[in-house]
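Line order of the protein sequences matches chains D and B. Mapping to the numbering used here: the first sequence position 264 is 264, numbers consecutive. Mapping to the numbering used here: the second sequence position 108 is 108, numbers consecutive.
Hints listed in this document are in silico derivations from the structure and should not be mistaken for laboratory results. Incorrect hints may have been included.
What the simulated footprint calls covered on chain B by chain D, stretch by stretch (three residues with Cβ under 8 Å from a Cβ of chain D suffice, anywhere in the stretch; the number is not a length) [what the hints assert, rightly or not]:
id, segment
1, 31 to 37
2, 118 to 127
Restricting the straight-line Cα-Cα distance to at most 30 Å, the calculated cross-link-like pairs of lysine-lysine (DSS-like) are [said to hold, decoys possible]:
id, chain 1, residue 1, chain 2, residue 2
3, B, Lys156, B, Lys8
4, B, Lys197, D, Lys261
5, D, Lys73, B, Lys34
Ideal placement from N, C-alpha and C gives every residue a C-beta, glycine not left out.
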Amino acid sequence: MAGKTLYEKIWDQHVVRDNGDGTALIYIDRQLVHEVTSPQAFEGLRLADRNLWRIDANLATPDHNVPTTDRSKGIEDPVSRLQVETLDQNCADFGITEFKMDDIRQGIVHVIGPEQGATLPGMTVVCGDSHTSTHGAFGALAHGIGTSEVEHVMATQCLVQAKSKTMLVSVNGEVNAGITAKDIVLAIIGEIGTAGGTGYAIEFAGDAIRALSMEGRMTVCNMAIEAGARAGMVAVDQKTIDFVKGRPYSPKDEQWEQAVKAWSDLHSDADASFDTVVNIDATSIKPQVTWGTSPEMVVGIDNKVPDPADEKDDVKREGMVAALNYMGLTANTPMNEIQVDKVFIGSCTNSRIEDIRAAAEVAKGRKVASNIKLAMVVPGSGLIKQQAEKEGLDKILTNAGFEWREPGCSMCLAMNADRLEPGERCASTSNRNFEGRQGQGGRTHLVSPAMAAAAAVTGHFVDVNDLMS
Amino acid sequence: MEKFINLKAIVAPMDRPNVDTDAIIPKQFLKSIKRTGFGPNLFDEWRYLDHGEPGMDNSKRPLNEDFILNQSRYQGAQILLARENFGCGSSREHAPWALLDYGFRVVIAPSFADIFYSNSFKNGILLIKLDAAVVDDLFNDVAATEGYELNVDLEKQIITKPDGSTIAFDVDEFRKHRLLNGLDDIGLTLQHTDDIKAYEQCRRAEAPWLFN
Ligand code: SF4
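Chain D with its partners taken away, still in its complex shape (with noise of 0.2 Å):
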């Protein structure tokens, strides 16, 4: 019988019963909870006069509409106050743990599941939010749900699903000095097109993946579904087990032992086949930048802005153009040439302690350029930024001026008041440069945390390479 991929090893321990039509009804182990897509699912419940199948199984936290600065007054938006109060009244009558917006331990919810240790290798894990594939680094079968699909879990923590085709995607080889995970997911979905990953989970694998530490895995699973993959994962090693370790809801003593023998089989088998397999060469991906309004626009920063005269597919060449003319972009200007208004460095993309202190190395004995109207930091989580500021890393960006914010979404989706204005341009660490996504009007421009800091102290785009060697 030929091997398993690790995603039809994690599908096949969580098949509660095969419905024989496709579908199946699949146990979920771990569903995280936001403000935003949950509303309506415990409305839900409450009008079918339903209860939670497993407490237990959730985890609550706001993000989105939090602000980052001074929380002390509350929320002054009423209406994202009524959210985020919604949710803390939702959580108190279900009974479900929450860290709400004074707790150190609020965040982001993609990066507190795995700082909590609540989401763990082998889970199959949900949240009403796309991004949830960043779990999925863990080596746990992790994606996005919808909001009726979060009432479901929660009624009946299962889900209906099918199973999807099985893609590999192997980075191979070493990547090059100031080359980080957001480079190498953003290479990725310039080479496999933001629906190349459609209806695929997507395995990450290969000698640069293997290489990244959790926080860059997470990173590139972020991004999967930015390639159209609900689902993106790598396989567990040492690296996951030991990140995993003595976190609040990990696993102790003997079930922890029982816990680290099962996960040691949550890898690909030799020789399991995928539906799909893409070959990317590391050693070949520059600091990567995009351009449009789409994630598959991008480029290297050793390259020009892409003319649409050179695309021959009709539809792809108008697309293009409008891309340019949303970001104010003529083709072939040099990327290096492109200057910035605002720095956002954060999201659950890259607000972990890695990007920050990577940021900080960047920004370390530098100012931010005269031409940056505000670049400012994000933490991921209250965590983090406790632990960043033992570091000094705060003081070191402060110092270099920039701004160091309380934890939450902020401008990666601008639902707080940190927002783009009209025509502004932004190197942002986050994942989505759609039209619209940072503030209305405002043009985005991904890059990895080192690229987004050194577009800080330079007022434009720039190999970080130049400004580090």
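With chain D's structure known, arrange chain B with the ligand on it following the hints.
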């Protein structure tokens, strides 16, 4: 969920690829804690000339006359014709809620993003995947004929054009059944309570750390 059996309606074209959920319903409207009322803000940034915020009187806002859904010939449209990778981006179910609230019951495109696909069916919207060339022909037909209507028959899985010609489409049995009968997913799953409990018992013995 409202049943979907058959629909004859005007078709509106959305001629761009990768229409994302941020475009379908911008994030400021996600602050609502309700499921309804999103229709007036569907495609808000394309549809109006000013910046929309929750609580505004949308009837008083300046319309972008060039935007397709604002053109008089597409008023009352219930079928949306779109390009590839429609609904990409976030998992927000507010996107199908907004489409539905506006009046769309069917979206036809060469491909859809996964999460949007399942969210739509759960809300009684039928998504139909057709070959890019077939979709292209439909775009031409819609442009050529004012008031262009299609008849979508879910039972038979057939779209009928005004000239009587037909296009067959695929839809998986499970989704079709739920849509035809307007069934509630949770109710269906709870019929298998014993299976879920049996699974949990087994799993707890195997992997107790998952139940701490
Ligand atoms: S940081 Fe951005 S992408 Fe991540 S959960 Fe928050 S809004 Fe979504």
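Now for the hints, and whether the structure bears them out:
1. Remark: the segment 31 to 37 of chain B is confirmed as covered by chain D, as 5 of its residues place a Cβ nearer than 8 Å to a Cβ of that chain, reaching the required three.
2. Interface restraint, the segment 118 to 127 of chain B with chain D: holds (4 residues with C-beta to C-beta distance below 8 Å; minimum three).
3. Proximity of Lys156 of chain B to Lys8 of chain B is assessed by CA-CA distance (about 14 Å); at most 30 Å being required, the pair is judged to hold.
4. For the hint pairing Lys197 of chain B with Lys261 of chain D, the CA-to-CA distance comes to about 25 Å; that is within 30 Å, so the pair holds.
5. Between the alpha carbons of Lys73 of chain D and Lys34 of chain B the distance comes to roughly 26 Å, so the proposed pair stays at or under 30 Å and holds.
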